[in-house]
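There are 2 protein chains.
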Amino acid sequence: MDELKPMDAEQLREYGHKMVDFIADYYKNIENFPVLSQVQPGYLRELLPDSAPVHPESLQDVLDDVQSKILPGVTHWQSPDYFAYFPSNSSVAGFLGEMLSAGINMVGFSWITSPAATELEMIVLDWLAKALKLPDEFLSTGQGGGVIQGTASEAVLVVLLAARDQVLIRAGKDAIGKLVVYSSDQNHSSLQKACKIAGIHPENFRVLKTDSSTDYALSPESLSGAISQDISSGLIPFFLGATVGTTSSTAVDPLPELGKISNSNGLWFHIDAAYAGSACVCPEYRHCINGVEGANSFNMNAHKWFLTNFDCSALWVKDRSALIQSLSTNPEFLKNKASQDNKVVDYKDWQIPLGRRFRSLKLWMVLRLYGLENLQAYIRNHIELARKFEELVNLDPRFEVAAPRRFSLVCFRLLSAENNVERANQLNRELLEAVNSTGELFISHTVLSETYILRFAVGAPLTEERHVVEAWKTLQEKASFLLSKLIE
Amino acid sequence: MDELKPMDAEQLREYGHKMVDFIADYYKNIENFPVLSQVQPGYLRELLPDSAPVHPESLQDVLDDVQSKILPGVTHWQSPDYFAYFPSNSSVAGFLGEMLSAGINMVGFSWITSPAATELEMIVLDWLAKALKLPDEFLSTGQGGGVIQGTASEAVLVVLLAARDQVLIRAGKDAIGKLVVYSSDQNHSSLQKACKIAGIHPENFRVLKTDSSTDYALSPESLSGAISQDISSGLIPFFLGATVGTTSSTAVDPLPELGKISNSNGLWFHIDAAYAGSACVCPEYRHCINGVEGANSFNMNAHKWFLTNFDCSALWVKDRSALIQSLSTNPEFLKNKASQDNKVVDYKDWQIPLGRRFRSLKLWMVLRLYGLENLQAYIRNHIELARKFEELVNLDPRFEVAAPRRFSLVCFRLLSAENNVERANQLNRELLEAVNSTGELFISHTVLSETYILRFAVGAPLTEERHVVEAWKTLQEKASFLLSKLIE
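Those protein sequence lines, which keep their order, are chains D and U. Start counting the first sequence at 718; every next residue gets the next number (our numbering). Start counting the second sequence at 718; every next residue gets the next number (our numbering).
The reader is advised that the hints may include incorrect statements.
Copies of one chain are not kept apart here, so a pair can be met inside one copy or by any two copies together.
[Unchecked claim] Derived BS3-like pairs: lysine-lysine, alpha-carbon spacing no greater than 25 angstroms straight-line: (1) K786 to K745; (2) K847 to K926; (3) K895 to K977; (4) K850 to K977; (5) K977 to K786; (6) K722 to K745; (7) K722 to K735; (8) K926 to K895; (9) K890 to K913; (10) K895 to K913; (11) K1202 to K895; (12) K1202 to K1054; (13) K913 to K1052; (14) K745 to K735; (15) K1054 to K850; (16) K1190 to K745; (17) K1060 to K786; (18) K1202 to K926; (19) K1054 to K786; (20) K913 to K722; (21) K735 to K1190; (22) K977 to K890; (23) K1202 to K1190; (24) K913 to K847; (25) K735 to K847.
These are calculated hints, taken from the structure and not from any lab test. Values in this document were obtained by computation on a predicted structure and should not be read as measured data.
Hey, can you work out the whole structure from these sequences and the hints?
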């Protein structure tokens, strides 16, 4: 056997160029794939061997397998015809940042393990905070600062833990069964999961009901009522999760009012703007986060709609010591002079894992290679495309727009002639299955006030007006077919 | 302003090729950098602007800044002269896998969001389980299975949560204050952090003392004694964290005995083989995980010493339903037919975050492009280099090997003429600072039984015998200098 040279610079160059061409060709042909993978469960096991090879195989063999076996099982989030969930943007700049991070391949748990990784992250999150006009208290130059988490789930978990531990220091650790968390029923499931992880009792997770009267935003009255009741029952309200741009319908919770209630009751106030935060770099959308000055923490996912490849979830806190108090460990084998002199940030103490990638590189490259003006134009273009889609829906009397469109998501549904909610829901379920199984577009769904709703989320980097128009045609055709079957 | 085309296939091709060349050149010149970055805290803020650019900048400008501003702040984990902590391997195959994953950029939380991502992960972790000769119960074809976590910290957290919730179902959620976790004082700090997150009371985290009499392995007697005492105090022992290859000295806990004690007391038995797991693909090291058949979960980091770029932490469990019960959420907006028919694995329910990268690609490419035989030779070569370093230490009477070498880590120290522990410790601290500040090599330290120990961990992909010999020469020179100063 030849000696293995697993990191030969010239082999990296040769193979790296091949892979770049493979990926560039993938994007060139991306419209030819079914957006939603059409494979059946277990398809891949039949195509691959049962065990790892003993001897090396060639790169060409692997690339051939990617083409013939892997790509058919991929749901193409970067397809211009992808309108499901929320977007997860890839871009040339984000991709280059990922490459560079994978190339350097360092593990930045402490400042000393790569000062540039920690410092660039602090700087770039300050840049992004300024672009969002966050209050200065969220900047790293004061008591707060930003940190890149993998996902919004991890962001809400770490701040929930910080808030929990602050309260338990005062109330004693046996008080955990009394801690109460609040959010609307439109809040992302990640908060519920964070509560389970943190040991918050499930019956103390208050899911406050919303409806169309507030466009599915959390009502301040409902929150203060719940808090008063819990206090009078001897419980300890301690955390509010609010959302700017809910997953189901991009509702925006009334931050200023919620902030007042949180502050006067001593709650940690967290804002999840995972999706809609990106829009707030545009001056005309910045008002959506008015009230952020009353929050303890704020989160937006640069990996959703801000051209930064997954994963890059930006979290800012006003009081970094709360995070550190909750999440720091200091084993001997990681001790070093810079950390012990308290001169540096060690991001290991702001997150769940110890190890961490050099994720700020990709966000830095996105901001530099595109510039804020271009990024604003990018966001506005998607919102305009969604507005056009909404217009198309409104022009067809068989459909209705089912919730106000605020950003680039349109919630809509096919109306049923009969006045029967379950039949209408079934009709829309069938419409979803029908369009997704064409492979021509991919949309997802939600339920609002027991009504099944289709979600059309514009936001893939390659989406143009023609893709939106074609998607609508397919939706209309499938709707016509389903409605005609009903008449038969 | 020109229209932004953030994902233009031909721009990706052009810029991608440039970045490949940049990274290949980085590896070509990697020996020219100081291994440990020599910058001062805050260095980067002085070099970068205060806010993000409004207008786009050129790729060349960014690459120039990477060269002149970022790389000086990087600690070069891939340098052949990197011997600190544990390795974090990069390889051509791992790098290609990262590129491809970043190129496809999908978010595989549920099977449907990219069936290939879920299925390849199941298959490749079965491959790796077979290479490690893990019992069949850990394969995905039964009730168990493997999953890629970001880090060993997340791996131990998710199994701790699964174990916690299983016990609390029986004992009631108010029993959380009675739950007891066990590990040796050599266990990684990630278990302590996981306990904090999960709400285990700090006084119920039993850190069992080890010493040189067991080569810093956990003594079964000490464990069973602690369990008996806790049971008689009305507490509930529920989790044991054992280690194969501890961070300080690569000690190996006696798995068969620990397994018996765990099983007879109903504890969840987790094995952390984050570093040393890789060695167990070699038949002559497989005995180190004898006893894994008694474990509930087993973890090894392919991103440490198995040529798979960070992050790729492989976790196997025998009972996947325990994880799912603890970590699943099922919001309406993620419901889909494949999941509801229970025909598929949705890895979102095996981990903390919702979103997840296509991480199996890089492990698959490592296994295919190198083959198991090459990977075994790779591991053996590092162990042989460590053996040579140990030999060099033994030849110099001013030094001693401070703990048995089992894999590719050598624990050693400079002896002090006086018989004073603190003076000897200070001497070794000074030696560490002296060699690391040359930039010629980077080593780290630990403390064993109050003695400050230097750690020399071989494992970077480019390390050859000459690097080990040169590192030893630098250590000897700096030691001579420090000892001569003492005599003056």
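Do the hints match the structure? See the list:
For the homomeric pair K786 and K745, the shortest alpha-carbon distance inside one copy (19 angstroms) is at most 25 angstroms, but the shortest distance between copies (34 angstroms) is not. Taking the shortest Cα distances, K847 and K926 never come within 25 angstroms of each other, neither inside one copy (34 angstroms) nor across copies (49 angstroms). In this assembly of identical chains, K895 and K977 lie within 25 angstroms of each other by CA distance solely inside one copy; the values are 22 angstroms within and 38 angstroms between copies. For the homomeric pair K850 and K977, the shortest alpha-carbon distance inside one copy (20 angstroms) is at most 25 angstroms, but the shortest distance between copies (58 angstroms) is not.
Proximity of K977 and K786 under a CA criterion of 25 angstroms is satisfied in neither setting, with 55 angstroms inside one chain copy and 43 angstroms between copies. In the homo-oligomer, the alpha carbons of K722 and K745 lie at most 25 angstroms apart only across protomers (13 angstroms), although the nearest pairing inside one protomer, at 33 angstroms, exceeds that limit. Proximity of K722 to K735 under the C-alpha cut-off of 25 angstroms is found in both arrangements, the shortest distances being 18 angstroms within a copy and 23 angstroms between copies. Taking the shortest Cα distances, K926 and K895 sit within 25 angstroms of each other inside one copy (21 angstroms), while across copies they are farther apart (35 angstroms).
Both within a single protomer and between protomers do K890 and K913 lie at most 25 angstroms apart by alpha-carbon distance, with minima of 16 angstroms and 11 angstroms respectively. In this assembly of identical chains, K895 and K913 lie within 25 angstroms of each other by CA distance both inside one copy and across copies; the values are 14 angstroms within and 18 angstroms between. Taking the shortest alpha-carbon separations for K1202 and K895, neither the intra-copy value of 55 angstroms nor the inter-copy value of 61 angstroms comes in at or below 25 angstroms. In this homomeric assembly, K1202 and K1054 come within 25 angstroms of each other (Cα to Cα) only across copies, at 22 angstroms, whereas the closest approach inside a single copy is 74 angstroms.
Proximity of K913 to K1052 under the C-alpha cut-off of 25 angstroms is restricted to the inter-copy arrangement: shortest distance 20 angstroms between copies versus 32 angstroms within a copy. Taking identical chains as interchangeable, the C-alpha atoms of K745 and K735 lie at most 25 angstroms apart whether they share a chain (15 angstroms) or sit on different chains (19 angstroms). Taking identical chains as interchangeable, the C-alpha atoms of K1054 and K850 are never at most 25 angstroms apart, the minima being 35 angstroms within one chain and 42 angstroms between chains. Only within a single protomer do K1190 and K745 lie at most 25 angstroms apart by alpha-carbon distance; the minimum there is 24 angstroms, versus 54 angstroms between protomers.
Taking CA atoms no more than 25 angstroms apart as the test, K1060 paired with K786 passes between copies only; the shortest distance there is 20 angstroms, against 51 angstroms inside one copy. Taking the shortest Cα distances, K1202 and K926 never come within 25 angstroms of each other, neither inside one copy (37 angstroms) nor across copies (74 angstroms). In this assembly of identical chains, K1054 and K786 lie within 25 angstroms of each other by CA distance solely across copies; the values are 23 angstroms between and 50 angstroms within a copy. In the homo-oligomer, the alpha carbons of K913 and K722 never lie at most 25 angstroms apart, since the shortest distance is 46 angstroms inside one protomer and 42 angstroms across protomers.
Taking the shortest Cα distances, K735 and K1190 never come within 25 angstroms of each other, neither inside one copy (38 angstroms) nor across copies (41 angstroms). With identical chains, the CA atoms of K977 and K890 are never at most 25 angstroms apart, being 27 angstroms at best within one copy and 33 angstroms at best between copies. In this homomeric assembly, K1202 and K1190 come within 25 angstroms of each other (Cα to Cα) only inside a single copy, at 18 angstroms, whereas the closest approach across copies is 84 angstroms. In this assembly of identical chains, the alpha carbons of K913 and K847 never lie at most 25 angstroms apart, being 34 angstroms within a copy and 34 angstroms across copies at closest.
In this assembly of identical chains, K735 and K847 lie within 25 angstroms of each other by CA distance neither inside one copy nor across copies; the values are 39 angstroms within and 31 angstroms between.
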